[in-house]
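Engineer: Sequence order for the protein chains is A and B. Each step along the first sequence adds one to the number in this note's numbering, with nothing skipped, and position 104 is 104. Each step along the second sequence adds one to the number in this note's numbering, with nothing skipped, and position 59 is 428.
Calculated directly from the structure, the hints in this document are not laboratory data. Don't take each hint at face value.
As the list claims (entries may be wrong) - A few chain B positions that, by computed beta-carbon distances, are all more than 12 Å from chain A:
#	residue
1	ALA390
2	ASP392
3	ALA404
4	GLN424
5	GLU457
6	GLU487
7	SER496
8	TYR511
9	LEU556
10	GLU561
11	SER580
12	ASP621
13	ILE658
14	THR726
15	GLN738
What the hints assert, rightly or not - Stretch by stretch, here's where chain B covers chain A in the computed footprint (C-beta under 8 Å, at least three residues):
#	segment
16	12-23
17	51-64
18	153-165
19	287-301
20	306-317
Remember, it's a predicted structure, so these values are computed and weren't measured experimentally. Ideal Cβ placement from N, Cα and C applies to all residues, glycine included.
Number of protein chains: 2
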Amino acid sequence: MSLGLTLDEIDTPALVLDLNAFDKNLDAMASHTAASGISLRPHAKAHKSPWIASQQVERGAVGLCCQKVSEAATFIDAGAESIVITNEIVEISKIRRMTQLALRADVSFCIDSADGLEMYDGLAAESGATLGVFVDLQGGWYRPGATSTEQVLDLAKRVAPFDKLRFCGLQAYNAIAQHIADFDLRLAATVEFCHRVNEAIDALNQAGLESFASGAGTGTYDIDPLHAPFNEIQPGSYVFMDGGYLENMNADGDARTDFEVSLYVLTTVMSCPAPGVAIVDSGTKTVSIGQGMPLVYLPNGEKANIEFLKAADEHGTIDVERHEVSVGDRLLLVPYNVDPTVNLFDEYLGLRDGVVTTAIPVSGRGRSQ
Amino acid sequence: MSLGLTLDEIDTPALVLDLNAFDKNLDAMASHTAASGISLRPHAKAHKSPWIASQQVERGAVGLCCQKVSEAATFIDAGAESIVITNEIVEISKIRRMTQLALRADVSFCIDSADGLEMYDGLAAESGATLGVFVDLQGGWYRPGATSTEQVLDLAKRVAPFDKLRFCGLQAYNAIAQHIADFDLRLAATVEFCHRVNEAIDALNQAGLESFASGAGTGTYDIDPLHAPFNEIQPGSYVFMDGGYLENMNADGDARTDFEVSLYVLTTVMSCPAPGVAIVDSGTKTVSIGQGMPLVYLPNGEKANIEFLKAADEHGTIDVERHEVSVGDRLLLVPYNVDPTVNLFDEYLGLRDGVVTTAIPVSGRGRSQ
C-alpha cells in the first residue's frame with residue numbers, strides 16, 4: 001500500500017500523478033471547450049482509467065474516444081455511455097464484440113473501406129444493435145483513412161442505406177500536425193488539413209448527408225476548430241502533458257503553457273559508477289522511449305540540468321556532469337510520450353500536495369485488442 | 370478463451386509462442402551447458418513466466434536470475450529456490466523485502482559500492498536471513514558496476530566480515546558485447562572484457578576470497594566462457610530470440626542459427642490506405658521499438674519482404690511495395706527486443722503445430738520495482 005507515502009518513500013519505478021496539476025489541466029480544457037461552444041470527447045487511450053474518464057465527464061465531456069474494442073469494453077463495463085472508437089475495426093470477432101457493447105452504450109467506429117459494410121450490418125442485426133460509423137479522413141501518409149473527398153463521399157453514401165449502421169460523419173484527426181513543435185509550421189499543416197476537412201464537409205452537406213466532424217488532439221485542439229467546423233475535439237494527452245507536447249510552441253514562439261506536466265515516472269538513482277554518469281532504476285520497461293527520451297525533473301517539479309542518455313530494459317543512464325546526484329536520490333521522468341508509458345503500469349499513485357492520497361487503476365492497461 | 374484457435378482466429382494483437390521452436394531452444398541451451406560443464410542460470414527478466422522457468426529448471430538450470438526484487442518475489446512465490454538479482458538494490462524498502470524473500474529461497478544481489486553494507490547486514494539480521502552478495506563488474510560505460518579490479522577487490526574484502534552477508538563472487542555481464550553483430554568485433558569485445566574478468570578473479574583468488582563468476586548473455590553465451598573461467602551463464606533471450614539477436618553472426622560470418630525465433634506478436638492488417646503502404650494493428654503499446662523496429666514474418670514462419678516503417682501507439686505502418694497484403698491478413702512481428710515486448714502482455718498463447726494449446730501468464734509483467 002502506497003497511501004500516505006511521499007516521493008521519498010514510494011517504491012520505484014512508479015507512475016505518479018500530481019493531482020493539483022491534473023485538476024488544473026482538466027479545468028483548463030473544460031473552460032476552453034465551454035467558452036468555444038465545441039464539445040469535448042477526450043481520448044481515453046491516453047489514460048486508460050475509468051476514474052479519470054469520470055472526472056472528464058463530470059466537467060462536461062460528452063463521451064469518450066477509445067482506440068480499441070477491448071479498451072472500449074473496459075470503459076463501458078465501468079459505465080461509459082458514449083464511445084467513439086477512432087479506428088478501423090476489421091475482424092469478425094472484434095465486430096461481434098462491438099455489437100454486444102452497442103447494446104449497452106452508444107458505440108461508433110471508423111471505416112476507410114466499404115468492404116466490411118454488409119458484414120457490419122449483418123452482425124449488428126444479429127445482436128439487435130445499431131453501430132455508429134464515421135468515415136476516417138487520413139491524417140498522415142502512415143495512417144489509415146480515406147485519402148480524398150471523393151472517397152469520403154463514396155463511403156458515406158454506401159453506409160447510408162444500411163439499416164443497422166448509422167452514419168455519424170467525419171473522423172478527422174490530423175496526427176501529423178500534433179507534434180510539429182514550431183507553431184507556424186503546425187498552423188500551416190493544420191490549415192492544409194482543414195482545407196481537406198472543409199472540402200469533405202461541403203461534399204457531405206451537398207449530398208444531404210451527416211457532416212458532423214470530430215478530431216483534433218492536444219497539439220491542435222485550439223487550432224483545428226478555427227479552420228474547419230469541428231463539432232467536437234478529441235484530445236487525450238492534455239491531462240498529463242509529456243515531453244513531446246512540451247516541445248510545442250505557441251503563436252509567440254514560446255513554449256506552450258496551456259497545460260502543466262502532471263504525470264511522471266518516479267525513479268531512484270541506483271549507481272554512480274563513474275564521474276558524470278549515473279544509473280536510475282527506470283528503463284524501457286517503465287518509460288517508453290520509442291518516440292524520444294524522457295526529460296528529467298527534480299522532486300520539487302523543476303526541470304533538472306540532467307540529460308537522459310540511454311535506456312536499457314531496466315536501467316536509465318543519465319548525464320550528471322552539470323547536476324550532482326547520489327545513490328538513493330529520487331528523480332522524476334517526464335515521458336516523451338505518455339500513452340505507451342501509462343500502458344506499462346497497473347496503477348497511478350495520485351499525490352495531493354506531495355502525499356499519495358489515491359491509487360488509480362490503469363484498468364485498460366494491455367487492452368490493445 | 371483462445372485455446373484451440375489458429376493464427377487466423379486469435380484476437381490481435383497477441384503474443385504467440387511457437388512451442389516447437391521454444392522446446393528446441395531450451396534443449397539446445399541445455400545440451401550446450403551440459404556438454405561444456407558450465408551451469409545455466411537463465412535470466413527470467415526475458416520471459417517473466419514461472420512456467421517457462423520451470424521448463425528451464427526441469428532441463429537442468431541451477432536457478433534463475435532476476436533483475437528486480439518484485440520480479441524475484443513473483444518467482445519465489447511460484448516456488449523458485451535460488452535467485453540471483455543481477456542488479457544493485459539500494460532502497461531500504463526493497464532490501465527489507467529481499468531479506469523476507471531470503472527466508473524462503475537462496476537470494477543474492479549485486480553491489481558496486483560499499484555504502485549500503487552495514488544497512489544490508491543489519492536488515493538481514495533483523496529478519497534472520499542471510500543475503501548473498503555479488504560484486505558487479507561494469508559491462509559498459511552506461512551500466513552500473515565496479516570499474517576496476519582494485520574496486521572489485523576492495524568491495525569483496527568489505528563484504529567478507531559481515532555476518533549476514535555471504536560474498537558470492539563476481540557478477541560479470543558484458544552488456545556491451547551482446548548485440549555487436551559482427552562476430553570478430555563481438556569476439557574482440559568479449560576478449561577485452563574477459564581480460565578484466567580474469568584479472569578480477571585472480572585478485573580474488575590471491576586474497577583467498579570466493580572467485581565464482583556468473584555472466585554472459587545470449588550474444589556471448591558460448592564465447593565468454595572460452596576466455597574466462599565463468600562458472601555459470603545467464604542468457605535470457607535464447608528461449609525466444611529477437612530481431613537484435615538475429616543480427617548476430619557466427620564465426621563464419623553467417624547469421625547465428627543456434628536458436629530459432631519462437632516468439633511473435635501476431636497482428637492484423639487493418640487498412641491499406643494507399644498503394645505500397647498498409648497499417649497493422651500493433652504499435653508501441655504491443656511491440657517495443659526503443660532499440661529497433663520489428664521484423665515482419667508471414668504466418669507460415671517465413672520472413673516477409675515487408676519492412677516495418679513506423680510505429681504509432683496503436684498502429685504499425687508497413688512497406689508493402691514488394692509484398693501485397695489485404696485488409697484482414699495476419700502477419701507475425703518479431704520484436705527487435707523481446708524483453709520489453711513481453712512486458713506489454715498479460716499472457717503468451719502457446720501454439721503446438723499451429724493451434725493454441727496453452728495460455729501462459731506473464732506473471733512478472735509490470736514487476737519492475
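Engineer: With reference to the structure, classify each hint as holding or not holding.
Structural biologist: Status of each hint after checking the structure:
1. ALA390: Nearest chain A Cβ is 23 Å from ALA390 of chain B, so the label holds.
2. ASP392: 25 Å, holds
3. ALA404: 30 Å, holds
4. GLN424: For GLN424 of chain B, whose nearest Cβ neighbour in chain A is about 22 Å away, the distance exceeds 12 Å, so it holds.
5. GLU457: 5 Å, violated
6. GLU487: Per Cβ check, GLU487 of chain B is outside 12 Å of chain A; nearest 14 Å; holds.
7. SER496: Non-interface label stands for SER496 of chain B: nearest chain A Cβ at 18 Å, farther than 12 Å.
8. TYR511: 4 Å, violated
9. LEU556: With a cut-off of 12 Å, LEU556 of chain B remains clear of chain A, as the shortest Cβ separation is near 22 Å.
10. GLU561: At about 17 Å from chain A, GLU561 of chain B clears the 12 Å cut-off, so the statement holds.
11. SER580: Check passes; 22 Å lies beyond 12 Å.
12. ASP621: 30 Å, holds
13. ILE658: 4 Å, violated
14. THR726: Check passes; 19 Å lies beyond 12 Å.
15. GLN738: 5 Å, violated
16. 12-23: Three-residue rule met by the segment 12-23 of chain A, so holds; n is 3.
17. 51-64: With 0 residues close enough to chain B, the hint is violated.
18. 153-165: Three-residue rule not met by the segment 153-165 of chain A, so violated; n is 0.
19. 287-301: holds (count 4)
20. 306-317: holds (count 8)
Hints 5, 8, 13, 15, 17 and 18 from the earlier list are contradicted by this structure; the remaining hints agree with it.
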